[in-house]
Each structure stands twice: as structure tokens, then as C-alpha cells.
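Engineer: Chain by chain, the residues:
Number of protein chains: 2
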Amino acid sequence: MAMAGNSQSISQSHPKNIIIMIGDGMGPAYTTAYRYYKENPNTEEMEQTVFDRLLVGMASTYPAKVSGLITDSAASATALSTGFKTYNGAVSVDVEKRPLQTLLQKAKSLGLSTGIAVSSQVNHATPAAFLTHNESRQNYNEIAESYINTDADVILGGGQRYFSTELIEKFTAKGYQHINEFSQLDSVTSPKVLGLFADVQLPWVIDDKEAKSLSKLTQKSLELLSQNPNGFVLLVEGSLIDWAGHSNDIATAMAEVDEFAYTIEIVEQFVRQQKDTLMLVTADHNTGGLSVGANGKYEWKPEVLHKVKASPDNIAASAIAADDWHSIVSDQLGFTPSAQEFSNLTNARMQGNKALAIALRKLIDLYSNTGWTSVGHTGLDVQVFAAGPGAKLFSGHQDNTEIAHKIFSLLPTRAFTNPSQ
Amino acid sequence: MAMAGNSQSISQSHPKNIIIMIGDGMGPAYTTAYRYYKENPNTEEMEQTVFDRLLVGMASTYPAKVSGLITDSAASATALSTGFKTYNGAVSVDVEKRPLQTLLQKAKSLGLSTGIAVSSQVNHATPAAFLTHNESRQNYNEIAESYINTDADVILGGGQRYFSTELIEKFTAKGYQHINEFSQLDSVTSPKVLGLFADVQLPWVIDDKEAKSLSKLTQKSLELLSQNPNGFVLLVEGSLIDWAGHSNDIATAMAEVDEFAYTIEIVEQFVRQQKDTLMLVTADHNTGGLSVGANGKYEWKPEVLHKVKASPDNIAASAIAADDWHSIVSDQLGFTPSAQEFSNLTNARMQGNKALAIALRKLIDLYSNTGWTSVGHTGLDVQVFAAGPGAKLFSGHQDNTEIAHKIFSLLPTRAFTNPSQ
Numbered sequence: 214m215a216m217a218g219n220s221q222s223i224s225q226s227h228p229k230n231i232i233i234m235i236g237d238g239m240g241p242a243y244t245t246a247y248r249y250y251k252e253n254p255n256t257e258e259m260e261q262t263v264f265d266r267l268l269v270g271m272a273s274t275y276p277a278k279v280s281g282l283i284t285d286s287a288a289s290a291t292a293l294s295t296g297f298k299t300y301n302g303a304v305s306v307d308v309e310k311r312p313l314q315t316l317l318q319k320a321k322s323l324g325l326s327t328g329i330a331v332s333s334q335v336n337h338a339t340p341a342a343f344l345t346h347n348e349s350r351q352n353y354n355e356i357a358e359s360y361i362n363t364d365a366d367v368i369l370g371g372g373q374r375y376f377s378t379e380l381i382e383k384f385t386a387k388g389y390q391h392i393n394e395f396s397q398l399d400s401v402t403s404p405k406v407l408g409l410f411a412d413v414q415l416p417w418v419i420d421d422k423e424a425k426s427l428s429k430l431t432q433k434s435l436e437l438l439s440q441n442p443n444g445f446v447l448l449v450e451g452s453l454i455d456w457a458g459h460s461n462d463i464a465t466a467m468a469e470v471d472e473f474a475y476t477i478e479i480v481e482q483f484v485r486q487q488k489d490t491l492m493l494v495t496a497d498h499n500t501g502g503l504s505v506g507a508n509g510k511y512e513w514k515p516e517v518l519h520k521v522k523a524s525p526d527n528i529a530a531s532a533i534a535a536d537d538w539h540s541i542v543s544d545q546l547g548f549t550p551s552a553q554e555f556s557n558l559t560n561a562r563m564q565g566n567k568a569l570a571i572a573l574r575k576l577i578d579l580y581s582n583t584g585w586t587s588v589g590h591t592g593l594d595v596q597v598f599a600a601g602p603g604a605k606l607f608s609g610h611q612d613n614t615e616i617a618h619k620i621f622s623l624l625p626t627r628a629f630t631n632p633s634q
Numbered sequence: 214m215a216m217a218g219n220s221q222s223i224s225q226s227h228p229k230n231i232i233i234m235i236g237d238g239m240g241p242a243y244t245t246a247y248r249y250y251k252e253n254p255n256t257e258e259m260e261q262t263v264f265d266r267l268l269v270g271m272a273s274t275y276p277a278k279v280s281g282l283i284t285d286s287a288a289s290a291t292a293l294s295t296g297f298k299t300y301n302g303a304v305s306v307d308v309e310k311r312p313l314q315t316l317l318q319k320a321k322s323l324g325l326s327t328g329i330a331v332s333s334q335v336n337h338a339t340p341a342a343f344l345t346h347n348e349s350r351q352n353y354n355e356i357a358e359s360y361i362n363t364d365a366d367v368i369l370g371g372g373q374r375y376f377s378t379e380l381i382e383k384f385t386a387k388g389y390q391h392i393n394e395f396s397q398l399d400s401v402t403s404p405k406v407l408g409l410f411a412d413v414q415l416p417w418v419i420d421d422k423e424a425k426s427l428s429k430l431t432q433k434s435l436e437l438l439s440q441n442p443n444g445f446v447l448l449v450e451g452s453l454i455d456w457a458g459h460s461n462d463i464a465t466a467m468a469e470v471d472e473f474a475y476t477i478e479i480v481e482q483f484v485r486q487q488k489d490t491l492m493l494v495t496a497d498h499n500t501g502g503l504s505v506g507a508n509g510k511y512e513w514k515p516e517v518l519h520k521v522k523a524s525p526d527n528i529a530a531s532a533i534a535a536d537d538w539h540s541i542v543s544d545q546l547g548f549t550p551s552a553q554e555f556s557n558l559t560n561a562r563m564q565g566n567k568a569l570a571i572a573l574r575k576l577i578d579l580y581s582n583t584g585w586t587s588v589g590h591t592g593l594d595v596q597v598f599a600a601g602p603g604a605k606l607f608s609g610h611q612d613n614t615e616i617a618h619k620i621f622s623l624l625p626t627r628a629f630t631n632p633s634q
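Going down the list, the sequences are from chains A and B. Per my numbering: the first sequence = residues 214 to 634. Per my numbering: the second sequence = residues 214 to 634.
Watch out, some of these pointers could steer you wrong.
Which copy is meant is left open, so a pair is good if it fits within one copy or across any two.
What the hints assert, rightly or not - Cross-link-like lysine-lysine pairs, in silico, BS3-like; alpha carbons within 25 Å at most: (1) Lys-422 / Lys-522; (2) Lys-567 / Lys-422; (3) Lys-522 / Lys-251; (4) Lys-575 / Lys-422; (5) Lys-605 / Lys-488; (6) Lys-520 / Lys-278; (7) Lys-619 / Lys-605; (8) Lys-383 / Lys-605; (9) Lys-510 / Lys-575; (10) Lys-510 / Lys-278; (11) Lys-251 / Lys-429.
Hints in this document: simulated from the structure, not taken from any laboratory. In this text, all values refer to a predicted model and were calculated from it rather than measured experimentally.
Isolated chain A (complex conformation) (with noise of 0.2 Å):
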């Protein structure tokens, strides 16, 4: 009688489910820049998005001191996934390289389930940075090796390359069912899944928006996990709006923060419908100093954006392959460029796939107006979006050590005597 009392006291004043979301890079010039982009020109009124709607604080990104004012990926990840400042580079260890408990981890020594669902390689730092420990996060291959140890109930996204047969094997040894297809999601209705679907990253959702890869990874996520009737602790990442970010190429990243929206709106459906369910959406930092118009001028075009049709690495590799390469550059962009502007893609071309890629995100700029001042991070505080029981702590201001420091407070106090493994 009085450990039942207590384990529903339990239930009661922490959420079952906890859905960690990550736009990474998405500072708040990305979700502006989103609202205008889906703006719906046959209304009178500014439609509201996702993240109008959830936001709720924002959060302070920096990293330990030894790496200065801006982070990475890596020292992000380990503050919302550890609570602790560490170096840039690190993942969810100390300054000194001693390993630091992660979320995924406490939830499931507590008899959680866990599970990552992302659009990189599930052994990219800031997956990795909520399932392990390294002193470097460009250690692919050990961080690969050491999620057989994790016993995450479900891993989803891309980095087939850092998953060799003999790791394959150790996983379906340990019971993981191991998929490398999309088509294959719906044969998986049990944990432990290993889905693997590209090589490192998945496709550019602007080059498939049909696809919908995150919010299908997400869906699935849901579904495994929600078996475990102690509840379970979900990250969810959009890592290809940071990858974008880098290239500074707008029309990629509105696609990725579509995608990313999209897979926030599926699990606020869930928030919604399963009422024990928390869920917090924020960035790890802000990337490329993205500007929502630039150069003095007071404008920004968003309806160009939707008329690009493909990823500019996509159109410049069309572009290197074709003869009539013009038509395919104006049609696949959807404006046709000047005569300068023709001259100036020219160039770029004989330099190879890269330089016309830059070229051409150059361009789609100039004609939506977009501004950018970097090709890694910027220091911007980052926003904070949250949804379901204990949504409110995080309102306002807070650093993002403080965001795990939350989320922690959230786990059971004590360890499920049934754990569902």
C-alpha cells in the first residue's frame, strides 16, 4: 500500500514522458525569418507558427571559459544533456575529461526508456553528447562502438559508414532490430531499433520535401517508446538547420526548419493527448550570424525562397553536368539571374561544385535579401519553447546548464521497481 502511494505521488508530480527537441544552430533569426516564410500572402492577418505559440524563455549558450564566448555543438549538447559548462569539442565530459551523466543515462538507470531520433548521423556530437561520453566528438567511430552500451531503446537517423558489420552484429546480438530503409520503419512495432537511413546525414529536405524523414523518425520514436508504462526520455534533433547554417544557404535551411516545425507540431499532438508528456524545444547556439534582411536595405523576400526548387549543391551539381546549364540554374532557382550575375555563376562553375554551390546561395541572397556574418557560430542566446507539465520552468532567462538542471529536477526521484527492459 505505502509503495503504491508512492509511486503514484511519483507519477503525479513528475511528467511520465520528457521530449528534448534540438534546432540546431536555430537561433532566433531562423524561426523569425520561418514565420515570414510561411506566411500565407491571401490573408489579411501574420499567421502564427509552432514556435510563436511554444516559446516561452530563452537560454545563454556560451561554453567553459577555456573555449571563450561561443560554443560548439559538442559543449552545448553536454550542458542541456549534463548540466555542466565544458570545452568546446567535448562530449558530456568535463574540462578534465572525466565523464558526466547524462539525461538518457539517469532516465535509464531510473528504468525510462530512452531514444534519439535525428536528421545527422545518430553519432554526431549533440546525439552523442545525450547517449555518451568522449573527450572528442570528432571520434566517430568509439562513439559508434559505445552506443552498444547505451541500451537506447531506439536509435534513428543517418552514419551507416560508422556502423561496421561487426557492430551490426553486436547490436542485433543484443536484441536491436537493425533497419536501413525508410520503407522498413513500419515492420519495427517493438524497441530496440538501430535505423540507419544514409551513409552520414540525411537527404536535404528541400531536395524531398515530400519525405518528411525527421518527423517520420519522430513518429516511430514515439510509438516504441510509449510501450514503457514507466514513460521515457526522447531527444529529437533537426541537425541540418546548423548544417545549412554553415553553408549559409537560406532556401536549405527554411526547408530543414520546415521539417524541424513539422516534427514539433507531431509532438505537441502528442503533449496534447498523452497529458503527462513534457516537451522542450530549443537551439544549441545560433549559426552564420543569419539576418532577416541585410545591406541596408528594409526588405526581405521570402517568396523567393519557395520558388528555389532544389538544394544549391543539388542545382550546381546539375548544373556542372549539363551543357544547357543555364535553363537549369534559371528554372531550378526559379528567377533567371542577369547577364553579370550568368557571368559571375560562369566563373564559379569552372571552379567545381563548391564554389558554384556558394555562388548560387550567393545569389538566392541577394535576391531574398538575406544577410550573414560567419560560416560557424555566433554567441546569440538561443529561444526556448516548451509544452506540458513543467512547461513554465522554463520561462524567461536561463543558461542552458539550467535547462538540464530543470529537466533532471523532472525525473522520478527514485528508480521504477519494474523496469521495462
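Given the coordinates of chain A, work out where chain B should sit on it, guided by the hints.
Structural biologist: Coordinates of chain B only, in the frame set by chain A:
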């Protein structure tokens, strides 16, 4: 009895005093940068700023559709002051150029006192949109003349050139005390007052950090406006943050934010003592596309900014007037430019004050690793900070027009029967 009860319930459900503070152009990168600018390197912890302490939400700033997605100060001040979107350049008139009731007008009509304390000329776009109406912010003389009809109790800032002797006489004939020196502030012990302390804007804070101009004007405004037992509405603007942003001048901008932050702290202290006062702090838009870190480097160096002894405008003026300008520049910047950098400065110096100031600012950007995308505004959402009764109304995301609607809803629902005039 019934009327007394009614009056009682009004005073309980509405804050008596409302203080609206606008950091012109102060988007989120300014407050992030400011945290690191203020950090005490001798402590282990990162100190919170007043912005961190008071953050409650964010706001979108876009103007009426006719002006696209990026607002100017006039349209955004109109939104904050009236609750309506309008075209860029409009001073509290709608897109048809019809006047819109402002918060300060409404407050005055209810028997509250009203005032403005700003660091720009008092007839600049933001204060104008709170006090009057004009189809163009450029009509400075018309706007100044119209102030005689506002009955504002406190008008403090710059702008001597727009107030002719005849206009000043009209103000004094109406009972206004007229002063034009900070030293005269002490002699003013009751409203009404017209204080104009500079030909146009007040001097840059970085050139006279001890002056504490905006905070002194604000302190005096609180003292004078508090004398109305019915309450007051005060607008305070840190106007020159925006001007420094337009010049992409990070050292000058940080000093302006510092004085604005200090002014907020004074108001915060007032709110703590007078528990019936709401303070609401926001920005009208983001200026310059400032980023904390740039150029692909993961660093930002606020310590460089603390060593800058004067505004680049002033350093340039000194350097152009002097033969030994190299030593002046090195001394005033706080670092010694390289031979190549001095060669660039020499070229700029030959083009005059403005070109040299720009070159100096770029050098400060280089040494501090600060980025900019524009000499104009950008569309990034801005932050909202609040304290006092009603503060929670401003939590989460909102449009700038909603801020005005919320403040209107906090005004008394009927006029005081004993207007203090």
C-alpha cells in the same frame, strides 16, 4: 459609497503607473553581447544582467504590408503606442494617414500624467509616436510644434534646434519650465517641464560615461510624474543604441546599452518600492544585423571594447586634427594597429572624418570579432522584459501591436474625477 468602491477596485486591478522603455534597435544580439561585455573576469560565474533578470517574452515587429517585413522606428513606435500596424515613416497615423489614439493621449484623457525621457531629439520618431501624429517622421518642426497641444507633463531629451524662441515662449506661456542644461534639473521640482539638453541628440555615452544623461532624465521624470496621485505613463527611450547600430559601431553601442541598462535598473528600483507600477521594456526593431562573433571564428572579445576610450567619431576628429595621429589612434583605441592597418587608416583619413570613423569601427570589429549585415534594420524579433503588476501578460511570443493592446487594457477604465492638471 458606490463610487468610492468603484475607484478602489480600479486601483486594485490596474497598475497606477506604467513605464514603457524602448531600447531603439536593441535586438537580442545587443543584450547577449552586453552580458559578455559586463562579465567580471575575476569571478567564476557569468553574472546576469538586468535584461536576463526581466526577460518575459519576445515580439514581432513587422510593419503594415505596404512596407514589407522590416519596420522603421516610426511604424514600430506607432504599433507600440497605438496597437496598429502602419507604413514606415508614419507617426501614429494609419495607412490612410488618419490619426490613431496613443497610449499617452489616452492616459492624459483619463487624468494621468504623461512624460517622455529620451536620448535623441524629443521630436524623433519614437517619442513622437507616443505624443502626437504626423504623416511623416521627417516633419520635425511640425512635430515639435504639435507638442504644445499634448499637455505632456515631462518632455526631456535633445532637439534644441527644432524649438524656436517663439515655440519655447508658447510652452512657457502654458506654464512649462524650460531648461537646457543638466545642471538646471535640480531646480525643477514640479511639472511641467520642457528640457532640451542638446542641439539634436545627446552626446554618445562612450564620450562621457559619467554623465548618466538618460538615467538622470528618467530619475527626474519619475520624481515629477509621481506627484500625480492618479498615476502616470512615462516613455523612456535609449535612442542612440540604434544610431550606433546604424553606424555598425560596437564600442559606442555597448556604452549606450550600458546606460540604458542602468536606467532600467533605476526604474526597476522604483517598481520595487512602488508596488503599483508596471515597467515594460522592449526594442522597436533590430539594427545592423549585429552578431556576437563573426568570420567563422568561435570567439568574441568584449575586453577589446572596454579599452576603447572614445567614440570612433571622436577618435577620427582628433586624428584628423593632429600630426602625431598614430599615437592618438593607438591610445584611444586601446591597441596598436599593424603597419598594414595604419596604411588603410591613412587612406581613410585622407577621405575625411566619416571615412576614418568607418575604418576605425571596422578595426574594432576585427579585433573584437564583431559582425554586421546591414547599416539599416533587420526583421529579427525583439525581446520583451517586464516587472510589476501585469508583467506576466507579456510572457511568450506576441506582436508589437499586442503589447500596446495589453497596456491599453491596464489603463483605468474610466477617467479620474479629480484630474491632476
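Engineer: Mind listing which of the numbered hints don't hold for this structure, in increasing order?
Structural biologist: 8
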